[in-house]
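Once you have looked at the hints, place chains B and C on chain A.
For reference, the chains in residue letters:
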Amino acid sequence: MIAEIGHLLLIGSLVVSFLAGFSPLLRFLTKDDFFYEVISPLNNLVFLLIFLSFVSLIYSFLIDDFSVAYIANNSNTLLPVYYKLAATWGAHEGSLLLWILCLCFWSTSYFFLNRKKDVEFVALTLSVLNQIIFAFIAFTLFTSNPFERLLPIAPFEGADLNPLLQDFAFTIHPPLLYLGYSGLAVPFALSLSALISKKIDSIWARDARLWSLLSSGFLTLGIALGSWWAYYELGWGGWWFWDPVENAAFVPWLISVAMFHSLIVTERRGLYKNWSILLSILAFAASILGTFLVRSGILTSVHAFALDPERGVFILAIFAYFILGSLIFYSIMNNKLPGRSTYNMISKEFGFLLNNILLVILAISIMFGTLFPLIYEAIYDGEQISVGAPYYEVLILPFAIALSFLQGVGLYLGWSSTREFNFLNRVLIESFSLFIVMSLLVFLIFGTLNWGTFLAIAMFSWIFSGNFIDMVYQSSQVKELKLVLLRRLGMISAHLGTAFLILGVGIVTTFSLEREVVLQKGESYQLGSTNFVFKEIRESKGPNYSVRSAAIEIRKGGLVDEISAEKRNYLASNQILTEAAIKPTLLQDYYVTLGDQVGDGKWSFKLQIKPFIRWIWFGAILIALGTFVSSFRQTKRL
Amino acid sequence: MNRITHYLPLIFFIFLIIGLFTFLDNEESDLRSVLLDKNFPDFSLSKLENQEIVTKNDLVELPSLLNVWATWCIACRVEHPYLMRLRNESTINIYGLNYKDDRSKAINLLDQIGDPYEFSIFDHEGILAIDLGVYGAPETFLIDKSGIIRVRHVGVLTPEVWEEKFNGVLNDLKEDEK
Amino acid sequence: MKNRTLVCILCLLSFTAESESSKEVYSFVNDENQERFYTLLDTYRCPKCQSSNLSGSNAPIAKDLKREIHRLIEEGKTDEQIEAFLRSRYGDFILYKPALRKNTLILWLGPFILLSLIVFLVVSWNMSSKRKSKDLEAEQIVKVIERTRLKKLFEED
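In order, the protein sequence lines correspond to chains A, B and C. With my numbering as the guide, the letters of the first sequence map in order to residues 30 to 667. With my numbering as the guide, the letters of the second sequence map in order to residues 9 to 186. With my numbering as the guide, the letters of the third sequence map in order to residues 1023 to 1179.
Just chain A, with the same shape it has in the complex (with noise of 0.2 angstroms):
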């Protein structure tokens, strides 16, 4: 019944979201301000009638109403309370009207902070975001319902959620990062507003940069959570593998970053207009892509939804029909006067376009790997062909040196130009003490050194100097520092995390160990430093599950612990999966994954450690702290 009733209120919202989105036409038509003022109400009320649709979806999950198609597949009976929740959006269908819900969450925000602002801005924001919810909900209704019914006979049982699904970190993964791509909507649509109304402004670029700090914010978190998660889920202790998927989110990512640095020299100095409107529609055209790429079936990857062509070819019409639309406006009425280029090369405008096109050409590169094999395959008649995680890091590489001398000396460039160049020399000094100190630190601690670790180590130190240890020695007193941290607090978390992410990065790529060993009850293997003894094997149960766990014991220095690598063995689908043992502390990670009985009492494992790789994540952390930061900060110019 309550599932009927979210289905009703889905088809509402489609009708509601259909009027909003497209109410400037009768302005434009009747020349009547109503059909601007009547927007807003009607932006309110499709949220509402999303959120109650999404609440009806995850009551009819708790209380097991498998006559609901979508529920029968991805629920069961016996899944954990916290899971039924998070099934929500544990596949295609519902994962669709969470993306809808964050989008509506975005567009009511926004008019929230605007409501006392320019009524046509706000009604053209508005009614392009509720035109992307329209199309989503449409997609959703046309293709992807997930109220669709099992009538007349119900199951007793529903299939279960995916056991690879059944985890925390997975239950947030997904909200947070549709927050990310919905809200690169918010920009797109600020944008469109401000060339349909010729408001190219320093207000749009404030309020542009609000939005795209926030959505870049999630983003991170969205995309750290996924990889955190796939490093103790999937078991084979990688963080990152360049899956089509994952680069479905980097791609927007670099563009949002891309996005909200230019917006500082359109607010600041009225320049790169044209540049940031453009970085706006290329990030939301991203986050579609993403979409589309991950839901149509055009691609195998370990996490895309299994589906058909049918469903993309609606998803990317609905790519072309916003992405060339808002190129069709932005090539007719783009900022026809862009600002002399009167600065300087060594400039803060100049370090910004660097950045811009740096960002750009590897999002742009990054995609076409992605869709090369593709490209391959259509032009070489069927000849199939990888690219994969060694051809990523080759490109990635000289992009992150560039990026990171910029970001080193960012701070001290002059708008126009520079005069002082002192700061060259301090930088220099102060990055490679640093240098210095952490190389033997990493010695001390690995007993060697090689070339990939001496890169990150001297990528970590310029930046590090550059936006901390510089500062601190340039203020005289404690109370001038604190001044200086807190008024760029952001940018100096943002930053640092970056920092810290190349270090872990470089660290764990080149001193990962791992070796496949045999063990006997009792036996141990000394990889490294590190003894692992096996101790035994236990049986045990958990909520939907049988476990058969190896009980390992860590002996290092004076450490010594037991971790569990697990088999677990879920109930309803009869699926086996492998829990990986994992013994975090500061400097590195104990991995070690079960394998098969190879005889009596031995069985295998997969024995690792993987050196600073938290540090990769807790990068991650400072760098969207960083960016809710500023974004606060944003929301107090308003």
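Please note that a few of the clues may not be correct.
With a straight-line cut-off of 25 angstroms between C-alpha atoms, the simulated DSS-like cross-links for lysine-lysine are [unchecked claim]:
no.	chain 1	residue 1	chain 2	residue 2
1	A	Lys-550	C	Lys-1085
2	A	Lys-631	B	Lys-108
3	A	Lys-145	A	Lys-227
4	C	Lys-1152	C	Lys-1174
5	C	Lys-1152	A	Lys-365
6	C	Lys-1045	C	Lys-1085
7	C	Lys-1070	B	Lys-46
The set of hints was computed from the structure by calculation and includes no laboratory data. Please read these numbers as outputs of a predicted model, since none were measured by experiment.
Below, chains B and C without anything else, positioned relative to chain A:
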């Protein structure tokens, strides 16, 4: 100059969308074999049924089929009746490649459900399979009379697949012989 | 006496070293081979899995290929020879690092060519723009000078 550059993104995305649209038609998701039109690899393994060693030269009566199967492969059971039919109704020989299996279990299975193969090669370690680019079961190869691999199918062999992939080539080969 | 203890210790040490390698699923003649092995596993794709390298796959074919790569490394084959071995059986699909060929040049060089091109365009545009505005400035200065001179001429009259 400026005017044109502003139209570039639009043009780029038009091409992108057209490209993506064509990609949607992509049906083939199985790995295409690189051994097509190449010689069947040399090997020296024992038969399934006994310890007799067979090599490439023992694959006589070409053109013939090589079918990769195992007792642990459920889909192989699905195609088994059709293999029996092919054995009885057509003139083509079928050789089996018993892939990473238990010898006695495999022999028992064939006893139970019938043996469509002239003989099966016992590839316990999957060595010949790797040389053939096999990555799972079932798979079926068509080898012509010169020992060249002409067709490779991944998955269950059905009448439709036979029509689509094998029959045409087989007829062409017979034509060439004349 | 000392010699015997030394021999005992050496025996114990070699015994532990050997017993460690006896537990390894893949044991190697030297550390270099071992490192090569684990590095290579990351660069080849599992033919059966949706999207995984050999290192992270439990599929039977992945295990077999690991075994083969181990054998080839121990036989002294180079990385290129191992790649050729795998490629001749499974095609380019199995390589996660696309081979550098004429038709993959755009993949490998494209980004850097594009980057250089755009940076070059931007830099030259910037310089010509500055030249233009410097010229403009110069023009204006000349105009001002002319005007003052004319003014003076008029005033003198």
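Do the hints match the structure? See the list:
1. A:Lys-550 <-> C:Lys-1085: At roughly 24 angstroms apart (the allowed maximum being 25 angstroms), Lys-1085 (chain C) and Lys-550 (chain A) satisfy the hint.
2. A:Lys-631 <-> B:Lys-108: holds (21 angstroms)
3. A:Lys-145 <-> A:Lys-227: Since the Cα atoms of Lys-145 (chain A) and Lys-227 (chain A) sit roughly 20 angstroms apart, the hinted pair holds (cutoff 25 angstroms).
4. C:Lys-1152 <-> C:Lys-1174: Answer violated: Lys-1152 (chain C) to Lys-1174 (chain C) is near 33 angstroms, above 25 angstroms.
5. C:Lys-1152 <-> A:Lys-365: Holds - the C-alpha atoms of Lys-365 (chain A) and Lys-1152 (chain C) are around 19 angstroms apart, at most 25 angstroms.
6. C:Lys-1045 <-> C:Lys-1085: holds (17 angstroms)
7. C:Lys-1070 <-> B:Lys-46: Holds, because 22 angstroms separates the two Cα atoms, which is no more than 25 angstroms.
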